[in-house]
Structures are given as structure tokens and as C-alpha cells.
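Given the coordinates of chain A, assemble chain B onto it according to the supplied hints.
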Amino acid sequence: MTLASIFKTPMSWKTGSLLLGLVFFAAVLLVKPIGVSTQFVIFDGVLWDAIEPNVVVPSDEAKSGFTSTNSYLAKSGGKYAKSVANPLNYSFVFVVAMMLGAFVSAIIRGGVPKDERAIPEIWRSNFGDSSWKRYIATFAAGFIVLYGARLAGGCTSGHMMSGMMQTALSGYIFTAGVFLAGIPTALYLFREGDMK
Amino acid sequence: MTQIVLAIVIGGLFGFTLDRIGATNPNYIIRMLNFSNLHLMKTILGGIGVGSILMFGGLILGLVDPGHLSIKAAYIGVLLGGLLVGIGFAISGYCPGTGLTAFATGRIDALFFVIGGLVGAGAYMATYSWVAMTGILDNIAGGKTSLGQISGTDYPAMLTLLDGEWLGLLLGVAFVGVAWLLPEKIEPQASGYITRKLR
Numbered sequence: 001m002t003l004a005s006i007f008k009t010p011m012s013w014k015t016g017s018l019l020l021g022l023v024f025f026a027a028v029l030l031v032k033p034i035g036v037s038t039q040f041v042i043f044d045g046v047l048w049d050a051i052e053p054n055v056v057v058p059s060d061e062a063k064s065g066f067t068s069t070n071s072y073l074a075k076s077g078g079k080y081a082k083s084v085a086n087p088l089n090y091s092f093v094f095v096v097a098m099m100l101g102a103f104v105s106a107i108i109r110g111g112v113p114k115d116e117r118a119i120p121e122i123w124r125s126n127f128g129d130s131s132w133k134r135y136i137a138t139f140a141a142g143f144i145v146l147y148g149a150r151l152a153g154g155c156t157s158g159h160m161m162s163g164m165m166q167t168a169l170s171g172y173i174f175t176a177g178v179f180l181a182g183i184p185t186a187l188y189l190f191r192e193g194d195m196k
Numbered sequence: 197m198t199q200i201v202l203a204i205v206i207g208g209l210f211g212f213t214l215d216r217i218g219a220t221n222p223n224y225i226i227r228m229l230n231f232s233n234l235h236l237m238k239t240i241l242g243g244i245g246v247g248s249i250l251m252f253g254g255l256i257l258g259l260v261d262p263g264h265l266s267i268k269a270a271y272i273g274v275l276l277g278g279l280l281v282g283i284g285f286a287i288s289g290y291c292p293g294t295g296l297t298a299f300a301t302g303r304i305d306a307l308f309f310v311i312g313g314l315v316g317a318g319a320y321m322a323t324y325s326w327v328a329m330t331g332i333l334d335n336i337a338g339g340k341t342s343l344g345q346i347s348g349t350d351y352p353a354m355l356t357l358l359d360g361e362w363l364g365l366l367l368g369v370a371f372v373g374v375a376w377l378l379p380e381k382i383e384p385q386a387s388g389y390i391t392r393k394l395r
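Protein sequence lines, in the order shown, are assigned to chains A and B. Residues 1 to 196 (our numbering) make up the first sequence, in order. Residues 197 to 395 (our numbering) make up the second sequence, in order.
One chain only, chain A, in its complex shape (with noise of 0.2 Å):
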């Protein structure tokens, strides 16, 4: 692995790997195993709690000391409720953290180019120019994915990396689910488009 290596983008698989499982390794090593999608209802919390300040209160009935008028936050003793009411925790500073390490990259790399911003090219070539379609697609995506996350209990990150890894069982089931229904999707969705 040399220097150089590190700043092609994207790298060489092998230094990607090596780079990719020394930060999930370093993360359990040091705290816990990375997860992303619970901080999308972290983050959903923190704004209804700001709206209606009843949402989340002080409880000690509640192992957390945390709960919420809402059972998704409520639930586990309240472990979401407490994350809600105080937002300056691990998990949620990970998440921030993590887009701000993408953002460096991006600018070292010289950023996106502009014709990319809206449309990916791969999509431009199978469903054209219309920035709103793409909009469109990519909320309606967003929204199919957070839910089914967090039906799931985990994201790519927290179950399909993290939980094999550990070998979940949860991690496999999750896996064996998302490439049963990605790669169909993405045979039937995207079939123009040079080879890359």
C-alpha cells in the first residue's frame, strides 16, 4: 500500500478493504460496533421535541431516565428517548463526524463534478436530464430505505458490515433481503449505460 494508493479514488479494492475493516475493527476495538440509521430518528426526535416540548421528558421509571410520549422512543428503557434529549452523545457525533470526513475527501478529491450533482450518469442514461425525477426518486428511495431500516433494526453499516462481521445471524438475514430485492431492481431499473 503506498501513499499514492490512498489518494486514487476510489482506491484499489484491497487497500479499500484493508482501510474499511481496520475503522469498523478500531470501532469495536474502542466503543462499539458503527450503526447509521437509527441517528435519521435521533434526528426526527430532537426536531418534534423542539416543536413540542412534551415529546421527550425526564422519567425514573425509565432505565435511560428518559421517555417519550411516542413507544418507538420510548421503548428499551427509554435508550432513544435519553439519545433525543441529549443529542451530544457518541452515536449521534458519529454521524456528523462521518460526513464531515466525506466532505474533506470530496474537496481533496476536487469535489463532484457539476454534471453529477443532480443527475449520477447512470441514471441519466436510462431515465434522462429531469433533475426532478431524480429528486424524486432518490425521496421516495430515502424513505423506502429508513423505514425498511428500521424495521430492520440496522443499515448496511450496523447489519450487513458490523453484523457479519460479528456473525450476526440478523446480519445475514438482513444481507440475504437486500441483494434478493436490490440486484432484481437494479437489472430491471438500469440497463443502458456503458460499462465503468
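I should point out that these hints are in silico values taken from the structure, not numbers from a laboratory. Note that the Cβ used here is the ideal one computed from N, Cα and C, for glycine as well. Check each hint, because a few of them may be wrong.
[Said to hold, decoys possible] Every beta carbon over 10 Å from chain B, so not counted as near; a handful from chain A, in silico:
no.: 1; residue: Pro10
no.: 2; residue: Glu61
no.: 3; residue: Lys63
no.: 4; residue: Ser64
no.: 5; residue: Gly77
no.: 6; residue: Leu88
no.: 7; residue: Gly128
[Said to hold, decoys possible] Mimicking DSSO-like on lysine-lysine, the simulated pairs with C-alpha atoms at most 27 Å apart in a straight line are:
no.: 8; chain 1: A; residue 1: Lys14; chain 2: A; residue 2: Lys32
no.: 9; chain 1: A; residue 1: Lys63; chain 2: A; residue 2: Lys75
no.: 10; chain 1: A; residue 1: Lys79; chain 2: A; residue 2: Lys32
no.: 11; chain 1: A; residue 1: Lys114; chain 2: A; residue 2: Lys8
no.: 12; chain 1: B; residue 1: Lys340; chain 2: A; residue 2: Lys63
no.: 13; chain 1: A; residue 1: Lys79; chain 2: B; residue 2: Lys340
no.: 14; chain 1: A; residue 1: Lys63; chain 2: A; residue 2: Lys32
no.: 15; chain 1: A; residue 1: Lys114; chain 2: A; residue 2: Lys133
no.: 16; chain 1: A; residue 1: Lys8; chain 2: B; residue 2: Lys381
no.: 17; chain 1: A; residue 1: Lys75; chain 2: A; residue 2: Lys32
no.: 18; chain 1: B; residue 1: Lys381; chain 2: A; residue 2: Lys75
no.: 19; chain 1: A; residue 1: Lys63; chain 2: A; residue 2: Lys79
no.: 20; chain 1: A; residue 1: Lys14; chain 2: B; residue 2: Lys381
no.: 21; chain 1: B; residue 1: Lys340; chain 2: A; residue 2: Lys32
[To be verified] Listed next, the stretches of chain A that the computed footprint assigns to chain B, with coverage defined by at least 3 CB atoms under 8 Å from CB atoms of chain B:
no.: 22; stretch: 12-19
no.: 23; stretch: 49-60
no.: 24; stretch: 135-145
no.: 25; stretch: 154-163
Structure of chain B alone, referenced to chain A:
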């Protein structure tokens, strides 16, 4: 405070890595799923393998605290949720982590994915009680089950005859092996054949 510093360092490195491996680029995600470019698939499989080898190696050597592991529960909703994630993943080329990081790199369509995601997560919060009533959140196969028995944890194991740490190490090597053997690209004729079959 240490926790917050660790969150910044590990989170920052994770986001940086996601962008470096091309995971913030939906073209690579979609090409992985329609088999026209398996580069990212190799990287993900290799990453899982490397992580597994280091983690189980560390457990065997006593360097990793087994209390840091976190095995998630298995239930029917894991499969159903996975299917939903797969559909949205293929349409957009984003998952929760890469959607957020792609937005951070300047992709506007990823912002719409993130907003949709916030609404979707809100919809789950709103429907959670009803979903729980259907029983699809009830544990199957013992719930928080790992494939082998991992010492120092209470997680039930699928295969009690095997030592969980060595099984994990072996599977880690297997993941790296599969990543190694997988071609970068499937021949255009081959993936064209799959596509033609679908038409």
C-alpha cells in the same frame, strides 16, 4: 468527553473511507447491483473480512473486550426490512450512511434521499406500535444469535460445537477469499444476457 473525541476520530475516518472507496458515488452502488462493476462489492466483502479477522483475532489474543460486541436480534422484520432497503438502495444508489456522506460531498439528489429518509424514519416511529402488534418483531432463532459461541458474551449460538472466535476468524478469511476471486467486472455479454432474460 473521551467518547466524543472517539466519535469525531472514528466517524471522520469512516466518512473519509466511504468517499475514498467510491461508496458515496451512486454509480458504483448501482453498478454493483446490476453486476456491471463489482469493484465496490470486492471492497465491502474484503472490508468485512479484514474487520472480522482483526476482531476475532483480537478476541482470541484477549486484546478486544467481548463486552464491546453488539449482536442485533433476528426476526422476520429483519428480512422484510432488508427487502425494502434493497429496493430503495437500487433505485437511488444510496443507503443511510452513504446518502448522508454523498450529500456532504455535494450531491443534491442525496439531500432528497436524506429528507425522504427522515420522513421514512418518522413514519416508522408513527407506525411502530402497529408493526409490533403484527408479531414480525418477535425474535426467531434465539434472537441475538451469533453463528458460533463467543466467550465472554451471553449471545446464543447457532453452532454450539464450534468455537465462535475461530469460526469468525475462518469466515473472515473466507470473505477476503471471495473478494479476491470475484472479478472486477462481469463480461458485458454475461450481464447483457441477464438483462436480456429480464426483458
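Hint by hint, here is what the structure shows:
no., hint, verdict
1, Pro10, "violated (3 Å)"
2, Glu61, "holds (19 Å)"
3, Lys63, "holds (17 Å)"
4, Ser64, "holds (16 Å)"
5, Gly77, "holds (15 Å)"
6, Leu88, "violated (7 Å)"
7, Gly128, "holds (14 Å)"
8, A:Lys14 to A:Lys32, "holds (25 Å)"
9, A:Lys63 to A:Lys75, "holds (10 Å)"
10, A:Lys79 to A:Lys32, "holds (15 Å)"
11, A:Lys114 to A:Lys8, "holds (20 Å)"
12, B:Lys340 to A:Lys63, "holds (21 Å)"
13, A:Lys79 to B:Lys340, "holds (18 Å)"
14, A:Lys63 to A:Lys32, "holds (20 Å)"
15, A:Lys114 to A:Lys133, "holds (18 Å)"
16, A:Lys8 to B:Lys381, "holds (19 Å)"
17, A:Lys75 to A:Lys32, "holds (20 Å)"
18, B:Lys381 to A:Lys75, "violated (45 Å)"
19, A:Lys63 to A:Lys79, "holds (8 Å)"
20, A:Lys14 to B:Lys381, "holds (16 Å)"
21, B:Lys340 to A:Lys32, "holds (16 Å)"
22, 12-19, "holds (count 6)"
23, 49-60, "violated (count 0)"
24, 135-145, "holds (count 11)"
25, 154-163, "holds (count 10)"
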